[in-house]
Structures are given as structure tokens and as C-alpha cells.
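2 protein chains.
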Amino acid sequence: MEQINDYINTHKDRFISELIELLKLPSISADTAFSQDVLETAKVVEKSLKEAGCDKTEICETKGYPVVYGEKIIDTNLPTILVYGHYDVQPPDPMELWTSPPFEPVIKKTDLHPEGAIFARGACDDKGQMYMHVKAVEFMIKNNQLPCNVKFMIEGEEEVGSDSLADFLEANKEKLSNDIILISDTGMIANDVPSITTGLRGLSYVEVEVTGPNRDLHSGIYGGAVPNPINVLNKMIASLHDKNNHITIPGFYDRVEEVSAAERAEMAKAPFNLDDYKKALDIADVQGEKGFTTSERYSIRPTLDVNGIWGGYTGEGAKTVIASKAYAKISMRLVPDQDPDEITELFTTHFKSIAPKGVKVKVTPHHGGLPYVTNMDSVGYQAAAKAYETTFNKTPVPERTGGSIPIVALFEQVLESKTILMGFGLDSDAIHSPNEHFGVWNYLKGIETIPYFYKYYTELAK
Amino acid sequence: MEQINDYINTHKDRFISELIELLKLPSISADTAFSQDVLETAKVVEKSLKEAGCDKTEICETKGYPVVYGEKIIDTNLPTILVYGHYDVQPPDPMELWTSPPFEPVIKKTDLHPEGAIFARGACDDKGQMYMHVKAVEFMIKNNQLPCNVKFMIEGEEEVGSDSLADFLEANKEKLSNDIILISDTGMIANDVPSITTGLRGLSYVEVEVTGPNRDLHSGIYGGAVPNPINVLNKMIASLHDKNNHITIPGFYDRVEEVSAAERAEMAKAPFNLDDYKKALDIADVQGEKGFTTSERYSIRPTLDVNGIWGGYTGEGAKTVIASKAYAKISMRLVPDQDPDEITELFTTHFKSIAPKGVKVKVTPHHGGLPYVTNMDSVGYQAAAKAYETTFNKTPVPERTGGSIPIVALFEQVLESKTILMGFGLDSDAIHSPNEHFGVWNYLKGIETIPYFYKYYTELAK
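Chain order of the listed sequences is A and B.
Numbering-wise, UniProt numbering puts 346 at position 346 of the first sequence, and it's gapless, one number per residue.
Numbering-wise, UniProt numbering puts 73 at position 73 of the second sequence, and it's gapless, one number per residue.
Hints in this document: simulated from the structure, not taken from any laboratory.
You may find that some hints are simply not true.
Each pair may be met inside one copy or between any two copies, as identical chains are not told apart.
Said to hold, decoys possible - As a list, the in silico BS3-like pairs of lysine-lysine whose alpha-carbon atoms are at most 27 Å apart:
#	residue 1	residue 2
1	LYS357	LYS235
2	LYS243	LYS357
3	LYS290	LYS279
4	LYS235	LYS290
5	LYS290	LYS243
6	LYS360	LYS235
7	LYS278	LYS357
8	LYS394	LYS455
9	LYS56	LYS175
10	LYS394	LYS269
11	LYS462	LYS173
12	LYS175	LYS142
13	LYS279	LYS357
14	LYS362	LYS12
15	LYS142	LYS357
16	LYS462	LYS56
Start from the sequences and build out the full structure, keeping to the hints where you can.
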């Protein structure tokens, strides 16, 4: 494995330019206007797996965007690692806040990335982190260092809920059979504080529509006499949190796992500076559920956030109108053992029940995902920890993060295998935001660390 | 005056086709993209005044859109009527709800307009109602029936707050000197229930911006731990009404005129059917301030309505983002003796005071206007009443409406003359909404009635 450093030094310029080419493709799965680009990206990913040395690659059709599959089987008696990633990206808007175009990657230095970071939508989430695995496997194959079998499953619908993946898994259990699943789609605490994600939050995402009068009205002639759907929607949403920022939906907390004081104390050891946190976001104060720290609020507690709201006149100037309809996109982050379908049901029932008689309410579920927690004693976790120790000379910190990778829970259900989350991005890499980027150092460090996971996992799994 | 009917019968096709040409011009003052069309419309209006027989016409520059002026002075010893109207229109959106393009006028029959109505943005508000006066004056001049002097002042910024008008009035007091101001920019109760507007609400219109984190954030990684500006804005707006739908801004009601039980009883005589009202709007229930009837809520009581709201991801699909900013346009309708500037000040102070520490709040005033009440004993009101009695064979009902024509109060201050509001449109004509229209019968009835106002006003003013 030691040759990995030489290999990286020799090929790093190519590793970077290949990723930059991949990032130029606007594979925005949420917007059908880009469907051709998403499909084109799948082809490019398949080609990269072939070039890395996979014996077999395939673009597998689904009812949505295809899944790119690839494999290198060296000995069926050896363990098999299944690498999961996604080639689709979040929409880039608001465009005006990007300092360089989201699909024209450029390398710029930042305080946290003195060696430069690649700025582009998808640089970190997840094209950059997914491609680390392709390059790590390329190294192992080209240098006869692959200690076990490897399979790739790279999907194109992660940012819109992986709708087609469940069917795909059910239909391909045999092809996807594995001993452990490896994913890099999370972050680490800092470049000198490697961490392994041990917990993920689940998700319930809904869109609501409130209809008042059957047409837009003059706010002078009707104002004050008819239900204004925007005012009504505001009242309804406001009522979903009480003054302690507890969520008021009946039954919402019933299945929430109570984390022990001991575990909370353990988690509290992870480095976190509230002042730096506030400074980085330029907020005078944080805000969240009473009785929990900031890092607990985004890791072990469920939340309800409005992700988008619109209605009425939003153009230039002033229009004195009462809109007929108002809309909002609302997502709830879930923790063990909440069930997304149940939560969506609870939300829908409650939201309709609090609507005044004068309006009609429609709730449309978008997508959901189960929360997930992994076990630190597992072979997978131990192998990952040793890999980090080898390349970072530090023991990684176990961390529960607030994000959701719904398919991780799905994998456990359908493929009956555990997932190890080795993230190499930083929170400050602005994923889902304008100016998303991924440190060049982090990219190469990932390529260096991954082969050691293969090595230690194969040894420990014996 | 009797010849008016013959004149209308002879020329009505031309009256209609001239109005249709005027309605084809998209004079949207709120959107700078249409500034050339607004200016073009001013020219067309000036030409129509010339053709109607005005001795003198002029396009008067202002710091905004010009005011079109015209006059016919027959004898300085006779009274002078100043006609006010506006040639600008509201934005047409939402476009998709129009059954025919807003600037391609067509005549269609409706239940309330069996003789057909002209469908187009501005058909009723205010091009159609303004043009009735041009045609009525054309009749009087061409037939030597003009009993007094007439002046026209047609502006192009009414839909955006008449920002330039105050300066224009101050600078042209002499030119605009008059005995009475006549406006058709309101409605009447029904085609068989003529009414004269005796009260108008004032207006305070603000735009608010709430800023949370300095960039859009991943709702999984930050959700529940930082102030979400959309959730915060919803809470803030929701708190502006209490459970009885009273507005909670301190001092908001201090200057509100308490209407006497007697006057409320008088107003209650105006025909109003709540079931028809709800049916027409397809709402199961009305909503408004406790302790007042529906017609009181939109006439003698102040209100606060959100006219537009936006923030976060509003595109197709689902995006798990926490927005950096959220916005809303909020208007307050005012009644005597509330002052718009004072109310805007009270709103701003209160709104900022209720913001949680974690967000920054910006409030930008758009425009305002004073409320207005006219006197039923005045010569102007009496002349208008007699005109309606002559052409409708009915005594008109005095009515306070919820709309605002801020400049009416301004006229009283600067020009020291009273205004008479003779409206010929119906509430159902959908002004400020998709499919705005104006009944052909109403248009011609206005042209028929207006000359009688000139006749009776000149007689009574002696």
C-alpha cells in the first residue's frame, strides 16, 4: 500500500483534471430541464470505472435516472466491498451568489484550504468524494494491490430522494451482494480532526398548498374580510413550534430515542466552538430546541424547517393583491427510531387539522428516509479507524451528523449489510450552497486513505 | 343633455374600438421593463383629449412618468371641474390564469354582463373608467352642451403610489385650480344599485427582509441549530394578528375613528349577501376582525395583509436548504384618522422589536396614502346623486369602500377642493386580478351619466 503516495504524486494532476471534467456536467436531478446532462454524466462515470480497471461495467436503467454499476472480482472467497455514491447534484441557485459559475470549476485558495479547493456544484457532494473511490481502486488494480473484491453502485437520484433505488436493490440483490458498504458523502470535523460518521438523521419532506379565494383579489376591496392564504400559511407554520422550539405535531416525539447522559457527554468531547460557529455564519445568536446544545440540536434531535415559501406578488415594486394560493416546502429531520412515513402522516393530519375553515389545504409528500446509527465495535468501523490512523496519524472521532443519506437504512434492510461513512469534506465546503468547493488536499487524502480501509478490512474480516 | 343617448347610439362602436386600442398598450408602471409602453400610452391619451375638443393639451414631465393635462375653458366665471384618472395599470401576473392575453382585449358575455364585457388589464382600472370622461366631454363639446369649464389630469403612477403627483400639484396649483374634482376609479354595488363612494381607506405598504445565516445552508447539517429566516418571518408575521384578528402593533388603532352605531346601521342597509359573497370567492368561511361584519371589515376597519412572500427553494422538486434570507410585501389599509407615515413608523419599530437576536431585519416603505371621507350634504354629492337618478332612475347608495386612492386626500390638502367618486365598475370585474374586465353597458352608462353631473353641478353651484 505504501506505493499509494508515489502513485498520487505521479498522477495527481490527472486526478484533478478528470474530476474537473466531471464537474462541468450540470447533472441537476431536481430539474427536468437538465435530464440530458444527468444521463450524459452517467456515461462519463461508467467510462471512468472501465478505465479504473473494472472487469464489468453497466448503466442500469431504472424508472428514473440510471444506476452506474461496476465490479472487479478477484476471488469469490474474499470479502466484497460495495462502494456507493451519486453523480447527481443539487440545483445551484441562487446563481447570483456564486463567485464563479457553478459548472465552470476553478481552483482557489481559502483559509481552510491553503493548497487550493475546487469550486463547483458537486465538487464535494458527491462527485469529488465519489471519484476518490474510483481513483483509489484504479491505484489498487493497476498496482496489483486490490486485497478483495469491489463493486460500485453510483446513482443519479440522491438529491431528489433516491426514488428508484429501492426497486433497484430488490431486483439486484445477488449482483449487489457484499460484506460491507463504503460511502463518502459526509464530512469530517477538520483536516487535523478526522472523524467517522456513526449517525445520520432521517428525513420527511413535504410540500403544502393553501388556497383561499378562487382568484387573486384587490387587497383594498377584500383586505380584512377574506382569509388571506399567505397570512394563514404563516400562522399555521408558526404554530408548528412552541416558544421552546419544540415541534407541536402530536406524536412527533413518541419514537425519539433518548440519548443517555453518558453518550451525550462523550459526544460533547468533539471540538466545537460556539463563537466560531456564530462568526462563520454571521449570526448574533443560535436558535433551537430548549434543553439541548447546538451540536445536539443538529445530531440527536429531530427538526422542522421551511426550505422554501412563495405566494402573491414577488416582483418589482408594490402590488396590492390578496393571492389565491400560498405554498411552502417543509422538511423534517428525523432521529432513531422515528419512521418517515409515520411522521409524514402525522404532519399531514395535524397540518390539515389546524387550517381555518376558510381555506383548503393540500399536502404532497416529496421524499423521506430512515435515520441510521452504526456500531463502533464493528469490523468495518475498526478498519476505517485504522485507515485514518495510518494516513492522519490520529484516531478518528465518532460523530453523529444531521444530514440524511436515506439509502443507508435501506441498504441494511434490503442488502443486509452495514455501511461505513468515511467523509473527507468540511462543513465549510458549502455543499447545497453557492460556492460549493472541495479541498485538493482532502481529495488526495481520501484517495490515499481508502486503500488502507480495503487492506485492514480484508485482514480483520478473516 | 337628452341628445347624449342619440350620440352614444351613433358613436358607440367607435367608443369601444378606441378604448380597445388604448387597452392594447401594456402600461405597467410597477415594472421598468415596460417604461416605453407607459410613455407611449401618455401620448395616446393626450391625442384623445385633443380629439375630444380640448383647447389645450400637454404632456407634463415629472421625476417619474408624465401627467397628461388637458383643458376646455369656456368662461372663467363658470365653475371648473377637474377630472382625474390614471393611464397606468397593475402587473398582469399570474399570466397563466388569464383566459385571454391581458393586452389583447376581447369582448365576452358574462352572467353579470349579458351585453358583453371588455376583457383586458386596465379595462376597468382605470383606462375604461377614465376614458368615459373623455367621451362624455367629447359629446358636450361637439354638441355645445358643456355647461362649465373642464380640466383633465391623467397620471401614470397611480398603481405604484403616485410618487410624483405631490410635487406636480404643488408646482401647478394655478393651472389645476378647480371647484370640484371628479374621479371614476371605484365601483358601484350592482348595475341596478348605483352607489357613490363616500369613504376610502388609506394605505401603508412595506417590504421586509429577514436575514439569518450569511449563506444558504444544508438543512441537515444546520437544521434545528440556526435561525431559519423563513420560519422566523412566519412567526413574526403570524404575531401581527391576535386570535381575534386584531392587529397587535402598539398604537396601531390609536387614531382609528369610531364609527357611530347609527352610521353602522345606515351602512348595513346596503345590499349584501354573505352566502353569495362566499360562493363568488369559493370560500367556506370569511375571516376578519372579531366584532365587525364583513362589509365593515373592508370599509371602516384597518387591516394588515401579506401581498407577497418568498424565500428559499421554490423550484421543482425538493431541495434541503436553509435560506439566508426571506422576504415579504405587507400592506396595511388605513381608516380615518390614521396617518400612513405614522403607521409605517409604528410597523417598522414593532417589527424590528419582535425579531429574535439571531436575525437581521430590514423594512423598506413602498408607498402610502391618507384615508378619505366625503360629505353627503355637499353640492358635489348632490349633483352626482341627481345624475344617477336621471340615468338609473334610482337614488344612489352612499358607500365606503376598502380601496385606496391616496391622491384624493392629497387633492384636498394641496388644491383645497373636494372629490366626487362616481364609479361604474363592479367588484366582480376582477381589477388587480387575472381576467379583469369592464361591462360595455357600464362603459356606455358612464358616458351617459357624466354629462348630467356637469349640468346639475353647474346649476347647484350657482
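Hint check:
In this assembly of identical chains, the alpha carbons of LYS357 and LYS235 lie at most 27 Å apart whether taken from the same copy (14 Å) or from different copies (21 Å). In this assembly of identical chains, LYS243 and LYS357 lie within 27 Å of each other by CA distance both inside one copy and across copies; the values are 25 Å within and 14 Å between. In the homo-oligomer, the alpha carbons of LYS290 and LYS279 lie at most 27 Å apart inside one protomer (21 Å), although the nearest pairing across protomers, at 45 Å, exceeds that limit. With identical chains, the CA atoms of LYS235 and LYS290 are at most 27 Å apart both within one copy (21 Å) and between copies (17 Å).
In this assembly of identical chains, the alpha carbons of LYS290 and LYS243 lie at most 27 Å apart whether taken from the same copy (9 Å) or from different copies (26 Å). Proximity of LYS360 to LYS235 under the C-alpha cut-off of 27 Å is found in both arrangements, the shortest distances being 14 Å within a copy and 21 Å between copies. When the C-alpha separation of LYS278 and LYS357 is checked against a cutoff of 27 Å, the pair qualifies only between copies, where the shortest distance is 12 Å, while the shortest distance within a copy is 42 Å. In this assembly of identical chains, the alpha carbons of LYS394 and LYS455 lie at most 27 Å apart only when taken from the same copy (18 Å versus 97 Å across copies).
Only within a single protomer do LYS56 and LYS175 lie at most 27 Å apart by alpha-carbon distance; the minimum there is 12 Å, versus 88 Å between protomers. With identical chains, the CA atoms of LYS394 and LYS269 are at most 27 Å apart within one copy only, with a shortest distance of 15 Å there and 84 Å across copies. Taking the shortest alpha-carbon separations for LYS462 and LYS173, only the intra-copy value of 23 Å comes in at or below 27 Å, while the best inter-copy value is 98 Å. Taking CA atoms no more than 27 Å apart as the test, LYS175 paired with LYS142 passes inside one copy only; the shortest distance there is 24 Å, against 92 Å between copies.
Taking the shortest Cα distances, LYS279 and LYS357 sit within 27 Å of each other only across copies (14 Å), while inside one copy they are farther apart (44 Å). In this assembly of identical chains, LYS362 and LYS12 lie within 27 Å of each other by CA distance neither inside one copy nor across copies; the values are 52 Å within and 48 Å between. In this assembly of identical chains, the alpha carbons of LYS142 and LYS357 never lie at most 27 Å apart, being 68 Å within a copy and 57 Å across copies at closest. In this homomeric assembly, LYS462 and LYS56 come within 27 Å of each other (Cα to Cα) only inside a single copy, at 26 Å, whereas the closest approach across copies is 102 Å.
Checked against the numbered hints above, the structure violates hints 14 and 15; every other hint is satisfied.
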